[in-house]
Amino acid sequence: MASSRDDFVIAIRSAFLKKTTKQKFSLLTLIFLSIFIIFLSNFNFKIIKDIKSIINEIVFRTSFIVSIPENLLINSYYSVIEYSSFYKSYQSNKEELENLKSKEISNEIIISENNELKKLIDDYKFSSNKILAKVIVDHDSLFLKTIIINKGSSDNIKIGTNIYDKSYLVGRVIDVNYKSSRVLLLSDLNSNVPVSITPGNVQAIIVGDGKDSGEIRYIKDNLIEDIQDQSIAYTSGTGSLYKSGIPIGLVDNSNNNFVINFFSDFGQLKYVFAEIEQKEKSIAKSSENTTAPSGSNTEKIKLDILNEELKILSETNSKFLEENQSLKTKINQSDEKIINLEKKIETQSKEIEKNIIDQNELDFLRLNLIYSSKCQKSGFKKGFKVGTPEYRECILRKGRKISD
Amino acid sequence: MIKLQKNSFFYKLYTWLPIIVLFVSVLNEFDLNYLNIDYFSFNFPFILIFYFALKEYNKFDYLLVFIAGLFNDTVVGLPLGISSFSYIVVCTFASYLRNITIRPHLIKDWFYFLFVISLINSINYIILFLFFSYDLDIMYYVINNLFTFLFYIPIATLLNYYLKAIND
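Chains as they are written, first to last, in numbering that gives the first Met the number 0: chain A, 0 to 403; chain B, 0 to 167.
Worth flagging that the hints you see were computed from the coordinates, not collected in a lab.
The beta carbon of each residue, even a glycine, is placed where N, CA and C say it ideally should be.
Worth double-checking, as some hints may not be accurate.
[To be verified] Calculated Cβ distances over 12 Å to all of chain B for the following chain A residues:
# : residue
1 : S25
2 : D174
3 : G199
[What the hints assert, rightly or not] SDA-like, lysine to any residue: derived pairs with alpha carbons at most 20 Å apart:
# : chain 1 : residue 1 : chain 2 : residue 2
4 : A       : K178      : B       : V75
5 : A       : K51       : B       : I152
6 : A       : K210      : B       : Y133
7 : A       : K51       : A       : L71
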């Protein structure tokens, strides 16, 4: 018994402490070192943060270089797929573009109205500036759905900066280095986004499901019936984590549970936009401007709004003129069509008339064969001369009347 | 058959292949640990580390394994040191098995590997959930554990060929 315990202890000691000629550190040292690092990474000392930031920079760049061949293969595959479905996508894009163009103008009007209302209810506005960032590492993990972008604190990126794919929300920055940042995607299990779901304006929180979609959680039971299939979810701005009014995705209720299908495909992100926000106090700004009177500043703002409205109105006008022009052309084409149709009707009615006459003549000839003996004038019999209207009348009447 | 000269560059590269593969697998965006396929993923580094630690391969430096773990944490976004700890614990258990085994057997190693990865994944889950408040899906761990266990035999068979080629 004692010897087996000794063997166990020897084996353990050997496993932990024995170093072969090639090993520089024993396993026990490395275990302690890793535990020490785990503890250190839990503290927010500046030196640890700096070291972590340097390691991150090196590893992200190396990871980007190591992933080049794989990315090249994937991109080539997608290029081939894209080329094969090029024409179809061109057609659908063309249609979509036409629709979007018409929507663009109404959107501009809404934006202008929105800005005006914001100025009325608040003394500051956000002047947002979107910068383009490249996704350098898109490493899906079992634990975190994150991407690494090539913009960091040197580009004014901060923790919490909103990240977009076109105008759709993708996630927010959770870790910032000097020249790179980590973005937590909306599909991550740890991501919580306060949203409004329209129609119905239902307030809810979307939590990532760790795959490619989100789940609606934290909603009052009686309001869940108000949510319809294909409703649009956009950020509500509650909690100031995300700006309000950013589209996120569509509600899918096909499997009797509410899932959010995000507008953006997180697996295909190559470039994203990071929104750097700067708060501008409009009133403070106006008070700083001592050279001009405060009234003139208000006038200027009003003038700006009016100019903006004028611009939008002129654009709307030009759009209406275009529509008008196209409608006129359509009317002309319709008129031409009507004239052609009238002509056609006339020729057809003539033809019908001719046909009726032919039919009458045919009837007369048929009756003539039968009743000519009754109507024809001869030496012994009264009648009518052949070819006269009376003769014709007699034939059609099928013989002479007694009065004749 | 092509044979490499022992002092040639390609031979050296070939002997360092396990470590290179380990670093590429932790740095590459393509992660076998997360394939974006429902109910399928496996931890390739665990298999690689366990196998070479068990065979006491002289080019498989524990310090490099430790650094690979740090790289993995940085890329994946885990708290620094978690993967290093996991990798070193795998090495330790493999080293213990090597010391107590007189006649190695693949099936015994296989079941011992199942015990090791289950233990390490449990420790990982507990640390991340309790100390770092990560919201984790336990099913991922169960599936990952199962497939890592199942893939051990085919990968170990392939690696046997590799070691055989080195020794020849």
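Is the Cβ of D174 of chain A more than 12 Å away from each Cβ in chain B?
-> Nearest chain B Cβ is 8 Å from D174 of chain A, so the label is violated.
Are all C-beta atoms of chain B more than 12 Å from that of S25 of chain A?
-> With a cut-off of 12 Å, S25 of chain A comes too close to chain B, as the shortest Cβ separation is near 8 Å.
Take the C-alpha atoms of K51 of chain A and L71 of chain A, compute the straight-line distance between them, and say whether it is at most 20 Å.
-> violated (29 Å)
Does the structure keep K178 of chain A and V75 of chain B at a Cα separation of 20 Å or less?
-> Distance ~18 Å between K178 of chain A and V75 of chain B Cα, so the pair holds.
Holds or violated: K210 of chain A to Y133 of chain B, with C-alpha atoms at most 20 Å apart | holds (16 Å)
G199 of chain A remote from chain B - nearest C-beta pair above 12 Å = It holds; G199 of chain A is separated from chain B by about 28 Å at its closest Cβ, greater than 12 Å.
Please work out if K51 of chain A and I152 of chain B have their alpha carbons no farther apart than 20 Å.
-> violated (37 Å)
Going through the hint list in order, the structure does not satisfy hints 1, 2, 5 and 7.
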